[in-house]
Amino acid sequence: MEDILTRVQQAFHDAFDVDSKLVSIDTTPDDIPGWDSVGHLALASSLESVFEVSFDVDDLMEMENVREIVRVVQSKLKKA
Amino acid sequence: MSDSLFALSGTMLITGGTRGIGRAISLRFARAGAAVVANYIRNEEAAEELRSLAAQEGLPIKLCRADLTTPRGLEQIELAAKDAEKPLSGLVHCAATGVHRPIAELTKRHLEWTFSLNVGAFFELIKMLMPHFSEAASVVAVSSIGALRALPCYSVVGSSKGALAALARHVAVELAPKGIRVNILVPGTVRTDAWKAIPDSEHRLSEAARRAPIGRLVTPDEVASAAQFLCSNAASGIVGHTLFVDGGVGIIE
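Heads up: the sequence lines are chains R and C, in that order.
Following the numbering used here, the numbering of the first sequence begins with 1 at its first residue and continues without gaps.
Following the numbering used here, the numbering of the second sequence begins with 81 at its first residue and continues without gaps.
Just so you know, the hints here were simulated from the structure itself, not pulled from any lab data.
Remember, predicted model here, so these are calculated numbers, not experimental data.
No residue lacks a Cβ here, since even glycine has one placed at the ideal position from N, Cα and C.
Hints are supplied without guarantee of correctness; some may be wrong.
Said to hold, decoys possible - FRET-style restraints, in silico, Cβ to Cβ:
| id | chain 1 | residue 1 | chain 2 | residue 2 | range |
| --- | --- | --- | --- | --- | --- |
| 1 | C | Glu-192 | R | Arg-7 | 41 to 49 Å |
| 2 | C | Ala-314 | R | Gln-74 | 50 to 58 Å |
| 3 | C | Ala-87 | R | Arg-7 | 53 to 61 Å |
| 4 | R | Asn-65 | C | Ser-286 | 43 to 51 Å |
| 5 | C | Arg-229 | R | Asp-17 | 26 to 34 Å |
| 6 | C | Ser-214 | R | Arg-7 | 29 to 37 Å |
| 7 | R | Asp-3 | C | Gly-330 | 36 to 44 Å |
| 8 | R | Ser-54 | C | Glu-137 | 19 to 27 Å |
| 9 | R | Asp-3 | C | His-321 | 48 to 56 Å |
| 10 | R | Glu-68 | C | Gly-295 | 41 to 49 Å |
| 11 | C | Ser-214 | R | Ser-24 | 20 to 28 Å |
| 12 | C | Pro-140 | R | Ser-24 | 36 to 44 Å |
| 13 | C | Glu-137 | R | Ala-80 | 51 to 59 Å |
The shape of chain R in the complex, shown without the other chains (with noise of 0.2 Å):
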């Protein structure tokens, strides 16, 4: 899951330019500027890019905290 993790956080700074040390598994939306609707398709893509992974409507809806998207992510390299 680490690793997950530290690609989840290089994602948060793609998307938001911010310091990936500031991404933690309890990080939630309140906590990441522009974190909003709109920046939340950025993350996706950002995610997506970085895992080389699909989401659909679904997952973007479940990917609600950093500790979702982990476990959203991990469901997905699974089944990869």
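Given the structure of chain R, go ahead and fit chain C onto it with the hints provided.
Coordinates of chain C only, in the frame set by chain R:
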């Protein structure tokens, strides 16, 4: 607009009602006499700021955190409408999202994600709220100039707004016999936080202000005033109309 012709009543649901144009609409509608349910999903800070301002002014604004693209979120909205002290008198669909990239960098998923909120949520809300609307209820779909004109990096958002406007027109015809008026609002270029996600934003905002016949950008409150008009008795004969609030940009070459 304090004249009773423009006064509002009942409960108005404003999606995306805690930021930008939606926030201005929430405040305007509450000041005009409506009880407001302001929906949001992610920015808790903005929601709390609106809650605090409403408390300071004694405005009847309640917040409803709900994801409009999920069944659970729609249930939360329906519950908020049912639990409201005043009958549901209208909906303003202001919530929107999008991916701002050139077409070469876009995927079908970007299109689906964007349409899910911008169009799909409106569709679901109308179907869900129809039985709950009071007599003479009013619905406003907030579209965009991007629905009619090609803007840089705006193809998925612009096309979703075009679809939203077309859907609103069809719904307008079907709901008018039931006493529910549906109209479309097209803001011109308005400076809001949404521009932070758009490439070359400062240059584009500056250029839009320069081009506008009024010599400046339209403000969120000016858009909110137009929304109030559409939802008031002053617009009782207006159905399926597209109202531009763009400072005259739409009529120049």
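So, going through the hints one by one against the coordinates:
Remark: the range hint 41 to 49 Å for Glu-192(C) to Arg-7(R) is contradicted by a beta-carbon distance near 24 Å. Take Ala-314(C) and Gln-74(R): their Cβ atoms lie about 55 Å apart, and the range 50 to 58 Å holds. The hinted window of 53 to 61 Å between Ala-87(C) and Arg-7(R) holds, with their beta carbons roughly 54 Å apart. Here the CB-CB span from Asn-65(R) to Ser-286(C) is close to 36 Å, at odds with the stated 43 to 51 Å.
Between Arg-229(C) and Asp-17(R) the Cβ separation comes to about 30 Å, which falls inside the hinted range of 26 to 34 Å. Roughly 51 Å separates the CB atoms of Ser-214(C) and Arg-7(R), a value that falls outside the hinted 29 to 37 Å. Our hint of 36 to 44 Å for Asp-3(R) and Gly-330(C) is violated, since their Cβ atoms are close to 52 Å apart. Separated by about 46 Å at the C-beta atoms, Ser-54(R) and Glu-137(C) break the suggested range of 19 to 27 Å.
With their beta carbons about 55 Å apart, Asp-3(R) and His-321(C) fall inside the hinted range of 48 to 56 Å. Taking 41 to 49 Å as the suggested C-beta distance range, the pair Glu-68(R) and Gly-295(C) conforms, at roughly 47 Å. Distance hint for Ser-214(C) and Ser-24(R): a CB-CB separation of about 47 Å, inconsistent with the stated range 20 to 28 Å. At roughly 38 Å, the beta carbons of Pro-140(C) and Ser-24(R) sit within the given window of 36 to 44 Å.
Here the CB-CB span from Glu-137(C) to Ala-80(R) is close to 53 Å, well matched to the stated 51 to 59 Å.
Consistency note: the structure conflicts with the earlier hints numbered 1, 4, 6, 7, 8 and 11.
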